[in-house]
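*Asks:* If you want the building blocks of each chain, they are given just below.
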Amino acid sequence: MTSPLERHPYGEHAIVLPPKSQTTHDAADIDREIRLLMYRRLHEIRQFEKRAYDMFMQNLVKGTTHLSLGMEAVAAGFGATMREDDYTFATYRGHAHTLARGVPMEGILAELLGRSNGLLGGKGGSMHLTSVEHGMMGSYAIIGAHLTIANGAAWSAQYRGSGQVAVCFFGDGTTNIGAFHEALNYAAVFSLPVVFVCENNLYMEYTAISDITAVPRPAADRAGAYGLQPVVVDGNDADACYLAARDALEHARSGRGPVLIEALTYRHGGHSRADPGKYKPPGELEAWLAHDPLKIYRGRLERIGVPSSALDEIESQVGQAVDAATEAAKNGPLPEQALAYTDVWADGGHSWRN
Amino acid sequence: MTIMSLSKALNEGMRQAMEDDPKVLIMGEDVGKLGGVFRVTDGLQKDFGEDRVIDTPLAESGIIGTAIGLALRGYRPVCEIQFDGFVFPAADQIITQLAKMPMRSLGAIKLPVVVRIPCGGGIGAVEHHSESPEAYFTHTAGLRVVACSNPADAYTMIQQAIRSDDPVIFFEPKRRYWEKADIDTDSTEWWPPLHAAKVVRPGTDATLLAYGPMVKTCLEAATAAEDDGRSLEVIDLRSLNPLDEPLVLESARRTGRVVVVHEAPVNNGFGAELAARITEQCFYHLESPVLRAGGFSTPYPPSKLEEHYLPDLDRVLDAVDRAFGY
Chain Z
674 MTSPLERHPY
684 GEHAIVLPPK
694 SQTTHDAADI
704 DREIRLLMYR
714 RLHEIRQFEK
724 RAYDMFMQNL
734 VKGTTHLSLG
744 MEAVAAGFGA
754 TMREDDYTFA
764 TYRGHAHTLA
774 RGVPMEGILA
784 ELLGRSNGLL
794 GGKGGSMHLT
804 SVEHGMMGSY
814 AIIGAHLTIA
824 NGAAWSAQYR
834 GSGQVAVCFF
844 GDGTTNIGAF
854 HEALNYAAVF
864 SLPVVFVCEN
874 NLYMEYTAIS
884 DITAVPRPAA
894 DRAGAYGLQP
904 VVVDGNDADA
914 CYLAARDALE
924 HARSGRGPVL
934 IEALTYRHGG
944 HSRADPGKYK
954 PPGELEAWLA
964 HDPLKIYRGR
974 LERIGVPSSA
984 LDEIESQVGQ
994 AVDAATEAAK
1004 NGPLPEQALA
1014 YTDVWADGGH
1024 SWRN
Chain R
119 MTIMSLSKAL
129 NEGMRQAMED
139 DPKVLIMGED
149 VGKLGGVFRV
159 TDGLQKDFGE
169 DRVIDTPLAE
179 SGIIGTAIGL
189 ALRGYRPVCE
199 IQFDGFVFPA
209 ADQIITQLAK
219 MPMRSLGAIK
229 LPVVVRIPCG
239 GGIGAVEHHS
249 ESPEAYFTHT
259 AGLRVVACSN
269 PADAYTMIQQ
279 AIRSDDPVIF
289 FEPKRRYWEK
299 ADIDTDSTEW
309 WPPLHAAKVV
319 RPGTDATLLA
329 YGPMVKTCLE
339 AATAAEDDGR
349 SLEVIDLRSL
359 NPLDEPLVLE
369 SARRTGRVVV
379 VHEAPVNNGF
389 GAELAARITE
399 QCFYHLESPV
409 LRAGGFSTPY
419 PPSKLEEHYL
429 PDLDRVLDAV
439 DRAFGY
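If you read the sequences in order, they're chains Z and R. FYI, the numbering for the first sequence is 674 to 1027, going by the working numbering. FYI, the numbering for the second sequence is 119 to 444, going by the working numbering.
Looking at chain R on its own, in the form it has when it is part of the complex:
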């Protein structure tokens, strides 16, 4: 067992993947000598060399395009997008090529590319540095979209993402980079599959669905709800595409109330897809509509207003109250 922060867990996971497979490469802006702006790749270039940990030009489209070309010939590039908002210049390559080349080549081409994206707010950064762009990618067939919420998952999920033959968009909750946990690095027996969601707190009265940075917020909300005599189940989705639908639907049918929580704007967010699927498949089990708590339909605000924007314990509990009001 080793105590590690979430960022260190990612670092160790990548290190392990690089040791296991010489075809694994790390590339991105400032990932080598600096070790990344969040130091997630710290020390990897020193240990694996400049050929395997590549400081690229500041050109996201070029990073992903180059990674696609390397993956075409058997490499497994892990690309760091420095901040969430910087993924948009690369969106062209991700959406039009990375997601679609395997299908249009009749499966002759496989693209095991991982795109790591530090996401979400809460660190006093601003627009382009605090965003939650997951729904753009879950809308695109052919991309696995996953989000880790804690150090142990970060450690296992990054290794599984690198081993996946599908392209993976890998969201990292930047405000949780410094959270620590004890991780069993000696065994892989405890690893859940990459696509599996996890009940992180069992409950009976309502289900909170979250991923990435909001899992911790939801756990805090569940603890606070105990005082009101409510038992909330918290599910960490971990994988948005594919979605672990059976686990989500089972919980929804059992508790009868579901609140989806994400930092991204509620409008057209991933919660809308969850609400639709749950409503369609659990309609007669529901005591209330599936509700959503999330960011506002505004651009990400300046840092002084960030606290007002981000879903917090109160916003989650308000939504839970509304669910019980039906």
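Just chain Z, with the same shape it has in the complex:
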């Protein structure tokens, strides 16, 4: 018997093509207002991420950044259908999901710049964006850690009978770490109101996920092991993400337990800022650029009769907002050195009282 991996010539992977159709969801039952909101979100994320990239190149963003360029539709689709008091858990690639919960852009950008007016006073940085008041329960930079934490938050909602759902986003690489499997089992056993969303962008950091995973669909092919349905959606189509999210949230909210969704998408850039992505086979990026989330959605909105001028207006408003946020972030003061010592303990300090 050969193992699935033996059939994979390691390091040589074929181009993975996007879905062929971009019109599948044209007639979907989604309010125009919601679609316009998603269009705005797509552009907020795109323009924000581009600005973050530019500012990194200008040496204004210290540390690292992990961008969601090309992956905007997942955040836009889910963000548009989550209840205000639902919980989001994201990874270090979490700018998009933070924006999608309505967290102000200025605070996020200033946080990337490590400024005092940042979301976390400059203490969290790009990888740890958190805003409890917006239901953004944190970005987690250790792979898999937050799936189990999302379970705990979901469990708290179950205790309270509040109807809240925890939505946990993670990458394809996460599906191979133990915490992923621990979390799915927990959630299934205790019927927790949690939706796990695998953003399969085809690459685990710098390696094709197909080269190091025993099954073709890293998340969906594992669903059956936990008694869950395999769900795969076009992660570049905001409507497909919205519809999948609506069903999943309804399922989890009504007490029927967790849902696992695999959203197939593509990371336009490399893993992090320093990565040019040379391991991608020729032609792959071009194929996915033709299936770009913003391009798909603009085409759809025009087909259903939204005037181009209205879409242009949204894009222009977002551009102005990003510019304003950039200025505010750049003008923010740097944190005092004392910040390095705060909040180690629950009393706010780092040394003990005695």
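Certain hints may be false.
Unchecked claim - The calculated lysine to any residue pairs, modelled on SDA-like cross-linking and capped at a C-alpha distance of 25 angstroms, are:
no.	chain 1	residue 1	chain 2	residue 2
1	R	LYS316	Z	ASP1020
2	R	LYS228	Z	LYS953
3	R	LYS218	Z	GLY834
4	R	LYS151	Z	TYR832
5	R	LYS151	Z	ALA861
6	R	LYS151	Z	GLY930
7	R	LYS218	Z	SER864
8	R	LYS228	Z	ILE815
9	R	LYS228	Z	TYR765
10	R	LYS141	Z	ALA1019
11	R	LYS218	Z	GLU1009
12	R	LYS151	Z	ASN858
13	R	LYS334	R	TYR254
14	R	LYS228	Z	TYR1014
15	Z	LYS735	R	LYS218
16	R	LYS141	Z	SER945
17	R	LYS228	Z	ALA1019
18	R	LYS228	Z	SER835
19	Z	LYS735	R	THR214
20	R	LYS228	Z	TYR832
21	R	LYS228	Z	SER945
22	R	LYS228	Z	GLY834
23	R	LYS141	Z	TYR832
24	Z	LYS953	Z	ASP1020
25	R	LYS218	Z	GLY851
26	R	LYS228	Z	ASP985
27	R	LYS218	Z	HIS807
28	R	LYS228	Z	ALA814
29	R	LYS228	Z	GLY1021
30	R	LYS228	Z	SER1024
31	R	LYS218	Z	ILE850
32	R	LYS218	Z	ALA1019
33	R	LYS141	Z	SER927
34	R	LYS228	Z	HIS807
35	R	LYS228	Z	GLU757
36	R	LYS218	Z	GLY930
37	R	LYS228	Z	GLU959
38	R	LYS228	Z	SER927
39	R	LYS218	Z	SER789
Since the hints were made in silico from the structure, they are not lab data.
Start from chain Z and add chain R according to the hints.
*Replies:* Leaving out everything else, chain R in the frame of chain Z:
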């Protein structure tokens, strides 16, 4: 006053905490129906229900991660790690998230999670079931690390740990689970604060610093040293992080000789931190270097060799002799 074993004292402490606060939950492997492999949670599920005393899957990372998520939303989970060596699969969550989320969230997040760990050897168990992993956690900022050594402290410290808004790594000396003492359960006036160390035997010639299972060994050593005409002070540290430094330093300055005793390997153990701090702050008061008695730099041995490995009365007294040899 009630006579209780150390394990029963923990059980009663948790029961009291659960009665006081409906947000207190117990979770871990076999803690519910079985009551835990050491029966520390015996009867709690029967009395508080399956919603509050949860039999989890065998998945330590998942236990701690889930507890973090519950604590994020106001619950106070008390997690049992079945044996010391089993904490390592959970170390990721403890070190990278539990200890650090409050700081990186600018204090917006508090994580009142207690991680109970039966620790140490002496019961004829083997590797993974007899270890002393405290130094891994004292090295990590943001974790309170405490160790009880006797039933009364077990009773008070577990309740204080549960009430703490900081995450607490709570070490229980498994070979002392069956030791008994009379505990005043009616009053809290006698409770020392969780971070306070305690002089459990006053002395004048040398100080023995210990915590958890080694406190009793040190008390026995102090009794034996009387025959040699030496008066040994024994301090039960109780809390390793934060450390009750003033009490430790005062004793070191007064006696001039200090021996640190722990079951964990001496190499890079918590004793090294104590020796460094005492040397730095009491240098001109010391008659000898701060010495350490502890486990060897080997993996925990098979049970037939356990007695040879564990610090005993002789190893402690040998170290005391060396301290007097300077």
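*Asks:* Which constraints among the numbered hints does this structure fail? Numbers only, ascending.
*Replies:* 2, 3, 7, 16, 21, 24, 26, 36, 37, 38
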